[in-house]
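In the order they appear, the protein sequences are chains B and U.
Offset between the first sequence (1-based) and the numbering used here: plus 12.
Offset between the second sequence (1-based) and the numbering used here: plus 12.
By construction, these hints were calculated from the structure, which means they are not laboratory data.
Warning: the hint list may mix true and false statements.
Copies of the same chain look alike in the list, so a pair counts if it fits in one copy or across any two.
[As the list claims (entries may be wrong)] Below, simulated EDC-like cross-link-like pairs (lysine to aspartate or glutamate); rule was C-alpha separation at most 16 Å, straight line:
#1 Lys38 to Glu132
#2 Lys181 to Glu150
#3 Lys82 to Glu132
#4 Lys82 to Glu242
#5 Lys233 to Glu218
#6 Lys82 to Glu153
#7 Lys49 to Glu115
Note that the structure is a prediction, hence the values are computed from the model and not measured.
The primary structure of each chain is shown beneath.
Protein chains: 2
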Amino acid sequence: MDTEARAAVLKRSAFFHGLNAAIVDKIAAAALERLLKPNETLFQQGDPSTHHYIVAWGRLRLDQTTPDGKNIVLRFMGPGDLVGSVAVFRSIPYPATPTAVEETRVFQWTSDRMNELMSEYPVLAAKAMAMMGGRIGELQERLQQISTQQVERRIAAAILRIVAQSGRKTDVGVEIPFPLSRQDLAEMTGTTLHTVSRTLSAWIDEGVLEGKRSSHLVVLKPHRLMQIAEQA
Amino acid sequence: MDTEARAAVLKRSAFFHGLNAAIVDKIAAAALERLLKPNETLFQQGDPSTHHYIVAWGRLRLDQTTPDGKNIVLRFMGPGDLVGSVAVFRSIPYPATPTAVEETRVFQWTSDRMNELMSEYPVLAAKAMAMMGGRIGELQERLQQISTQQVERRIAAAILRIVAQSGRKTDVGVEIPFPLSRQDLAEMTGTTLHTVSRTLSAWIDEGVLEGKRSSHLVVLKPHRLMQIAEQA
DNA sequence: CGAATGATTTGCGTTAGCGCAAATCAGTCT
DNA sequence: AGACTGATTTGCGCTAACGCAAATCATTCG
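All chains, full assembly: derive it from the sequences and hints.
What follows is the structure, given as structure tokens:
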């Protein structure tokens, strides 16, 4: 990918959106690239945090492993999302592992390089704060859901969240454009593979979802899912 | 409180720690104060976010009410903690309500005033990011706990987190220096009042805790609590 | 002081969802 | 095509934790 193509991608990201074009070109020029095949990891939880990344295209799943060997899915990241920055800002090791769920291209900058850019263009700091604030809001929402709602509602909410972030409209409904296993959903909602499977089966019977085994999930009746997610 | 006293408080806070003394004096001079009696709220969830606050002394409980009327405790805030800033940065209404659990004094700055200060002293932006990053880390940790651990472990972890943030050493153990009800603990850990009560009763029997009804909780055997929190 | 209010404790029946196990299925590899 | 691998489905029993209800206790207020 040449600098120009990189700049075009960056201009579309929330993080660099609205910046002067010349600045974005310069930032794009400073980036290195990396291409991940499905199941490749960008870095490992526990590694020293050295780089900021931004997803150009593709999709990453951000996993956190607990001390006792369990796994939770913190989020999925798509084009324009920043990866690793929070850890770099805090000067702590990366707290989670990003794994490609499909072929994914990322750009990267060293911590130092990004610091230079941020002091040169202070608006970047504001963007970074907006990004972190959004992350806080999302985490608080999930904490609230998992604390107060039962499993079925949480699964519905998780699917809707993914749809809102990455859904692709088709003629029959909204498609989740990357492979999403029952296990993934279980680890996003704090439940088990089995319960997710049962719940999705019921929804498929009801005609709310469609999901031939390995193909991508399609939400046929988003409205019905929202109803489930909000039912008192 | 005069400017000098305010500056002394600020210098001890994580947010302003390490700044040039003259700068802190100036910031202190720009602050207004507010004094809250127990159970008074600083603002309401849903109010437009207009001010940044910092706790001078006392203690706030940050509550979030869900659309269906349930309540969760996001955190307790003590001296030096920033309140409201994340919402102000994001230009969204305050997402939660801070309530004083004891007499509490806060300083406040308008959004505009703080923006001026932050552009004048860029190091403040870095401090704000560190604060937000810490919040993200804490939320991820709680999400992970509530997703994977059973209730007893979560309650132990919640008590230990409070002890780490606000514990006061006494000759018999560590005291939590503000009133903390079973209900509060339930809303912090995503369980019920009843389960918390049963669990604490068992611990009191075991000699791990001490907590005459209305008096403050004292952890007699922190080590034992840690053991419970970490048991596989 | 005695009543009233609110928090806490505790017993008990219920159940959502877990965990195990086995069967099934889809896609891949040879 | 046939064997293999990993994901998914489904049945079944179990239990952690909930939810209700009643009793107890502490504190405040008249």
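Within, between, both or neither: lysine 181, glutamate 150 at alpha-carbon 16 Å: neither (23 Å within a copy, 35 Å between copies)
Intra- versus inter-subunit Cα pairing at 16 Å for lysine 82 with glutamate 153: between (22 Å within a copy, 13 Å between copies)
16 Å Cα threshold - placement of glutamate 115 relative to lysine 49: Cα proximity of lysine 49 and glutamate 115: one copy only (5 Å, versus 57 Å across).
Within, between, both or neither: lysine 82, glutamate 132 at alpha-carbon 16 Å: Result: close neither inside a copy nor across copies, 42 Å intra and 46 Å inter.
Up to 16 Å CA-CA - glutamate 242 versus lysine 82, copy category: So lysine 82 and glutamate 242 pass the 16 Å test across copies only (13 Å; inside, 29 Å).
Within, between, both or neither: lysine 233, glutamate 218 at alpha-carbon 16 Å: Within. Shortest intra-copy distance 10 Å satisfies the 16 Å Cα cut-off; inter-copy 53 Å does not.
Same-copy or cross-copy closeness of lysine 38 to glutamate 132 [CA-CA at most 16 Å]: within (11 Å within a copy, 26 Å between copies)
Hints 2, 3 from the list above are not met by this structure, while the remaining hints are.
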